[in-house]
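Guided by the hints, dock chain B onto chain A, whose structure is given.
Protein chains in written order, with full-length UniProt numbering: chain A, 1 to 388; chain B, 1 to 282.
Nothing false has been slipped in among the hints.
Below, a sample of chain B positions facing chain A; criterion: calculated Cβ distance under 7 Å: (1) Thr13; (2) Leu14; (3) Pro116; (4) Pro118; (5) Ser126; (6) Val208; (7) Ala209; (8) Thr211; (9) Leu213; (10) Asn217; (11) Ser252; (12) Ile257.
To be clear, the hints were calculated from the coordinates, so they are not data collected in a lab.
This one's a predicted model, so the numbers in the text were calculated from it and none came from an experiment.
Glycine included, C-beta positions come from ideal geometry on N, C-alpha and C.
Each chain, letter by letter, is given below.
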Amino acid sequence: MTLITRRRTLQGLAGIAAVSALGAPSILRAADTIKLGFLSGLTGLETILGETQLHCFELAVEELNAANGIGGRKIEYVVEDDQTTTRGAIEKARKLVFEDEVVATMGMIASLEHVAARSVTSPANHILMYSTYYEGGVCEKSFFSTGQVPNQQIVPSLGWLTKNTGKTVYVIGSDYIWPRNSTEVIRTEIEKLGGKLLGAEFAPFGTQDFAPIFDRARAANPDFIWMMVAGADVITALKQYQSFGFKQQLFSNALDELFSFAHPELTAGTLSNQAYFMKLDTPRNKVFTEAFARKYGADKPINAIGEAAYDGVYLYAAAVEKAGSTDSDAVIKALREVEFEAPQGNVNFAANNCLRANSILARGTPDGHWETVENFGQIDPDVPGCTL
Amino acid sequence: MPDIVSLCLNALTLMSILMLVALGLAIIYGLMGIINLSHGEFVTIGAYTLFTVQAAGGSFWLALVVAPVVGYLLGTVLEIAVIRRLYDRPISTILATWGLSLILQQAIILTYGAAPRPVTAPFEASVQVFGITYPAYRLFLIVFAFAVMAACVLVFRKSPFGLDVRAVIQNAGMARALGVNAERVYRRAFASGAALAALAGVLIAPLVAVTALMGVNYLARSFFVVLVGGAGSIPGVIAGSAFVGGLESLLSTTVPITVAQASVLILAVVIVRFRPQGLVPA
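Bound-form chain A, shown alone (with noise of 0.2 Å):
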């Protein structure tokens, strides 16, 4: 039984002020740090490349902060896992945005997972860095994207299919944003370039059965098929698809050496247009590729979404350098000046928030590599009608 007495509620009130006290060099301790978030799919459809992506995260801050952080201060990060789906992604964008208090936010993998967290990061003026290849359009000043737009990756893709291979294209994908808007630049291109979109099918997630589609696609007989199923979705249509013995060329931009190193069986043959490869002969690529071997073992593969997630990092250190300040504004000017020399080459923005990327068209070997077709080299992004 304890009384209520002046005393100890005095002594208590004491007990509050000494932890506070204690708390107070925490405060003064995470000004010294620069606190970034990591959002992906961790789980769910996108969860094999989720992983890879984190890991080139991981990679670029470790090195950093064995060097000399950003500006001296130390980074940390949180990771957090929105499953691959809209609202956890909006839900962890808000965790990180609003009760982490980081002050960038990095990742992401299926375009509805940019979408989503825009949502809360833009009217926030928060900056979200979303590092894969998309379906392009978004104009947002706080949105920077370091993986390739239509331009870099569908539009040279195009030119050379329908070169050498035929006029004539059959799309299948999976039923959202970034197959759906991709789709719409295909049947624009291709028509500027002589050649027909014959017809497109979107599978929902999670599609079992891809008969029905395979049966319509073999049916219209295109010159060659393009393929834009998301994640595990895809091993899943290219295991059906060789067995239906379609003759065409396979093209899919929504394969890297993630599937390939998996399944050399399904992706030797079928081409892809990246702005990485892991096989990239440069000594800068050597480097990264030695490093991340170092950290998570020889056999792991990297993508061009890795690349570009671990490219997004520096150019973040960069700008915050350049800017002297953590404050979105500043990096966001900032950014737009300065430059990284990746494992694909130097890079930098351009004024539409867009890397300037590379743009390889490549073929898969049976070793689970990619070897380079045609190298486009790097392309400045298009974002029609963006002024930023």
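Only chain B this time, still in chain A's reference frame:
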């Protein structure tokens, strides 16, 4: 004519996939009344058993034998450790099996990694049937699925184990009074359901991406199959799969596959509303 053949074969393939997955659930949920939210993970375990066996140099056929054994043993352990303690608390079972599914998913990611695992089908070739070229493995899947169904119906109708299961489910007290070891029957029935899910995993693996989260795709649909077909009835699984899988496949030849899936689910809700006992009740 060739169109109709491929249409029917596609419908039969999807139906067979659903039938195989839902069969285990028909026993666990339909007969025993346990809402097992970790059912999908037993499918995953079957698929990973195939990967492990093939990685060790074994054949597809060996995995087809090993996977049900793995599923059965794991099902037995689970029944003893968790399910048995919750027979009179169905709500707790939902929570426990849901937690279990998360644990199993992450355990598989920790063991095998997040990347998809390669498995190979026993035959890659396509064959000529009724004037069209169709993947041989799909034909095998269809035949095998119906054979498994037939075997299950026989076991439940004719074998002493089937008789015991039916007796315990109708009236556990009376069955006990007549000398049936009800606890053992429950344990074996649950383990059999898990074994069938693992078997389904092996059969499906060559057609889909083998990842730790693949089971998630099957859970909701299996429940739909069992509910629409008629809980507690094995022939109901055939009817339910034919409805959910067959109809989806047929519809998706004329409308987008997303619309087809949605229409089937709406129709399923209508059926369950007006025929709550299902298409072929027990």
